[in-house]
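Asker: Top line first, the protein sequences correspond to chains A and B. Going by my numbering, the first sequence opens with residue 1, and the numbers climb by one from there. Going by my numbering, the second sequence opens with residue 1, and the numbers climb by one from there.
Heads up, a few of these hints could be off.
[Unchecked claim] Which residues of chain A face chain B? A few of them, derived with a C-beta cut under 10 Å, are:
(1) Ser15
(2) Val54
(3) Trp55
(4) Leu56
(5) Glu60
(6) Leu140
(7) Val144
(8) Asp146
(9) Pro148
(10) Ser150
(11) Ile154
(12) Leu158
(13) Arg177
(14) Val186
Think of the hints as simulated: they come from the structure by calculation, not from any bench. Keep in mind it's a predicted model, so treat the numbers as computed, not measured. By construction, the Cβ of each residue, glycine as well, lies at the ideal position given by its N, Cα and C atoms.
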Amino acid sequence: MRDDPHVVALVTRASGGDQDAWYELVDRYAPLVYTICTRYRLSNHDIEDVGQNVWLLLVEQLGKLREPAALPGWLATTTARECLRVVTAASKAGRLGTGLDDSVLFVDDTMIDEEILVAERNAALHAAFAELPPRCRRLLSMLVSDPPHSYAAIHAELGIPVGSIGPQRARCLERLRRSDVIAALVEGEEKINLRGGEPGA
Amino acid sequence: MRNWDDDRLLAALGQALKAREAVPEWFIETGKSAFAWHNIDAELAQLTYDSEQDRRAVAVLRSETASIRALTFTSAHLTLELEVTGNSLLGQALPPRAGELEIETKAGVASTTEVDEIGCFSVDPIPDCPFRLRCRTADGTDVLTGWITI
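Let the hints inform the model, and build the full structure from the sequences given.
Answerer: Listed below in structure tokens is the structure:
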């Protein structure tokens, strides 16, 4: 996924001034930036501060990213650095109940690498999900909701006979599994594995 | 992921959808609005001092708390020292030199003011929304601060 042509295209378009491409990049990577902020246990105010700096730095860097495909890694490291800056400032000012060490121990490079993998996997699942027919999207959404809907509730809402829900679930998931985005992700993760990274899917 | 069974794939999908839902709308908006700064060729100045943060630390030690808010933004070529005095914001560019100061809100440029030859400027009134300052000096230095809320 590190050399996902879709991400490379988004970065190129955004750096040429395409606002929609920028919006898509933000939608895609906001969960990554946000999750890392929550790992540092920042307040909402500090999360907003970090977010503003990270996105602003990215806007400035768009045209200069030597390897647009390395964007998730760049975002994760930059976010972690900005979080650390905020935590350090708060710690110096005695604003934190817990010491600086607690937070820093909590966040290490392995965590960052995992977050990048999860973010890429989630982005691929999201993209694959968006390509499914509306009927599949509605069914799968109801199945993954928390708490999950019962088959009776799904029947009442979507009008699918209870006996057909199981087979439809299987068909929809098979479409998801066979999508091109998932294929690209699997290839990317295999490449990372060959370089000795995390065990993949 | 291709060889995952249905349950595992469905669980992963559930997590992916949930991860995106967990991100607050304001956070995404912050990211999207940052594009307004695309193609602005200014150097970013980082907040290196904020009396507000210091005050909380020393408040327990003093009977009276300092009421003057002071901020410092630093970049490689220029430092901006800011102090809130009543309704206005007094500033000093270091090293001292003349230039122009833009007060920028999220909606765009709110106003401009002059930086005199000894590097002093004032922002009056202080915007009541988050703003940032962009200082362009006569010798071509162009510096943009982070967002400020007074």
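Asker: Just pull the numbers of the violated hints for me, sorted ascending.
Answerer: 10, 11, 12
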